[in-house]
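Here the protein sequences come in this chain order: L and G.
If you read the first sequence in the numbering used here, its first letter stands for residue 51, the second for the next number, and so on.
If you read the second sequence in the numbering used here, its first letter stands for residue 75, the second for the next number, and so on.
Don't read these hints as lab results, they were simulated from the structure.
Be careful, since some hints might not be right.
Think about it this way: if two alpha-carbon atoms lie no more than 27 Å apart in a straight line, the pair counts; the simulated DSS-like pairs of lysine-lysine are [unchecked claim]: (1) G:Lys-247 <-> L:Lys-157; (2) L:Lys-172 <-> L:Lys-157; (3) G:Lys-330 <-> L:Lys-122; (4) G:Lys-330 <-> G:Lys-148; (5) L:Lys-122 <-> L:Lys-281; (6) G:Lys-314 <-> G:Lys-148; (7) G:Lys-330 <-> G:Lys-314; (8) L:Lys-122 <-> L:Lys-157; (9) L:Lys-172 <-> G:Lys-247.
Here is what each chain is made of, one letter per residue.
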Amino acid sequence: MLALDRVGKTYPNGVHALERFSADIRPGEIVAIIGGSGCGKSTLLRAVAGLDRASTGTVTLDGAVITAPHAKIGIIFQEPRLLPWLSVADNIGFGLSELPAGARREKVARALARVGLADKAKAWPRELSGGQAQRVAIARALVPQPEVLLLDEPFSALDAFTRRDLQDHLLDLWNDTRPTLILVTHDVDEAVVLADRVLVMRPRPGRLFEEIKINLARPRDRNSPLFDNFKRRVLTALDRSLDRNVPDADAKSTAGEAMWW
Amino acid sequence: MTMSVELPALERTDAMTPPASSARLRRYARPALGLLLPVGLAVIWEIWVALGYSNGRLVPPPTRIFATVMELAKSGELSRHITATVTRVAAGFGLGVAAGTILGAISGYWGLARQLLDPTVQALRAIPSIAWVPLFILWLGIFETSKIALIAVGVFFPVYLGVMGAILSVDRKIVEVGRTFRLSGPAMIRRILLPAVLPAYVVALRVGLGLGWMFVVAAEFMGASEGLGYLLIDGQQLGKPAQIVAAIVIFAILGKTTDWLIEIATAPLLRWQDAFGRQGVR
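Whole structure, please, built from the sequences with the hints as guidance.
Below, the structure is given as structure tokens:
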């Protein structure tokens with residue numbers, strides 16, 4: 051289990067990015083973190099990845115405190131960040147250097163086939179489209195079989211169509227080994243289609259605002275009324291987290307006051 | 075669904091590959107075009123002198139330069155001079171590259187070393203390298219050592235700057251990928267930093283080599299008894315412009331050839347580069 055206990059981060063320049071964030075995340079759970087800009091989403095993710103140390107609080111995975119990148123925690127960034135001097139296959143095998151060459155080749159071949167890029171094994175990263183490159187990045191992160199996979203706005207640079215495609219593909223891949231997924235996103239649709247639980251954060255300083263469970267069976271129909279309902283709940287929570295007035299049933303008190311006047 | 079998403083990208087790569095026949099034509103036509111201007115000028119000058127419009131004494135026509143080269147070659151003089159010069163450049167280039175690479179890497183990698191070392195190196199760089207000549211002669215004597223030292227100084231600075239700059243400009247995001255895969259220090263250098271730095275390093279080597287050829291002339295001006303630079307001075311003192319031009323032409327050929335050798339040797343390592351020049355112009 052991944053446990054975040056009162057994680058806080060103040061940067062050396064005094065920016066208070068994150069305050070006392072606590073959450074327990076079950077193995078195999080998919081959690082989406084959503085919030086306005088500056089709410090500390092990426093800071094939180096980097097602390098879980100062990101790339102940046104938290105100023106206060108701890109992140110523990112199965113009882114071990116995370117202070118540096120961990121073998122069981124993988125990360126996918128907003129950009130694919132492929133190494134341009136390695137072929138697609140070598141990029142995917144980058145994290146497997148401890149394996150003997152034969153085993154590595156086999157794993158890479160399987161991963162390539164799994165993300166549908168078997169014909170691109172020898173291609174250079176520059177020859178890939180944005181969606182293909184991000185699929186290679188996903189394969190590279192998944193091939194060492196992490197227990198936790200962190201995704202920092204992984205599809206935000208892609209067009210809407212490719213994004214949907216990759217969301218479905220990610221769920222499909224997740225189903226193979228069921229790692230814990232923690233997904234930072236701006237996209238309400240993405241959060242609702244992927245997550246078991248959506249954590250809405252509020253900015254300055256970043257902290258947890260509201261938690262919304264998405265009790266929808268997978269695969270989820272993006273056009274169903276239930277799906278819409280969950281989307282509206284997340285949107286409402288987001289609006290309230292930014293102290294906006296919400297013309298919605300959830301915000302009856304403000305609307306009522308206005309009418310009373 | 076997946077396939078239809080990727081189709082536009084596939085079409086694009088197809089469109090970028092030119093048809094084979096026009097590609098072959100361009101491959102041969104490009105060097106030919108580059109030769110047009112110098113060869114044309116040489117032919118015109120040759121005819122000009124042959125027709126008697128000029129005696130060609132100060133600017134010898136191509137045939138006379140060629141005759142001089144052949145004469146030097148036949149007597150064995152030419153190979154002696156070329157060997158002397160190439161040996162000096164090779165030694166100076168080797169020393170300069172070694173020192174520039176090591177110090178540049180140290181300065182690029184460790185902030186403290188950069189703060190200690192870089193200001194001094196930058197200050198030394200501001201000195202015109204030829205200004206070292208008298209000192210080098212006093213310190214190292216008039217013979218080979220001082221010449222090689224001067225060439226090494228010329229090669230050192232571009233290599234040092236290139237290596238340091240390249241290391242400093244390695245993309246933090248790529249380094250972070252190395253960190254998430256928990257690479258050790260040496261593995262990070264071997265698997266991330268070296269390949270990332272390589273393109274800039276090759277450029278630095280080529281600039282360094284160019285300066286090496288420049289400085290060998292300066293070095294050979296200061297009292298050499300052999301070498302292409304000596305041929306230049308000798309030609310000036312004895313009034314033999316054909317010999318001077320012959321030496322210049324040989325310098326040009328040697329410089330271009332060695333530069334091309336670096337390019338050829340490193341090309342397989344840089345195939346991955348997404349360079350503008352690799353798709354359109356070349």
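Results for each hint:
Between G:Lys-247 and L:Lys-157, the direct Cα distance comes to roughly 25 Å. Compliance with the 27 Å bound is thereby established for this hinted pair. Proposed proximity of L:Lys-172 and L:Lys-157 is supported: the alpha carbons are some 15 Å apart, at most 27 Å. Of the supplied pair hints, the one linking G:Lys-330 and L:Lys-122 is violated, its CA atoms being roughly 53 Å apart against a limit of 27 Å. Under the criterion of a C-alpha separation no larger than 27 Å, the hint pairing G:Lys-330 with G:Lys-148 is consistent with the structure, at around 24 Å.
Straight-line distance between C-alpha atoms of L:Lys-122 and L:Lys-281 comes to about 32 Å, which puts the hinted pair past the 27 Å bound. This hinted pair checks out: G:Lys-314 and G:Lys-148 have alpha carbons roughly 18 Å apart, not beyond 27 Å. As the CA atoms of G:Lys-330 and G:Lys-314 are separated by approximately 25 Å, the hinted pair is consistent with the 27 Å bound. In summary, the hint linking L:Lys-122 to L:Lys-157 is supported, as the alpha carbons are separated by about 17 Å, within the 27 Å threshold.
Taking the CA atoms of L:Lys-172 and G:Lys-247, the gap is near 23 Å; set against the 27 Å cutoff, the hint holds.
Consistency with the previously given hints fails for numbers 3, 5, ordered from lowest to highest.
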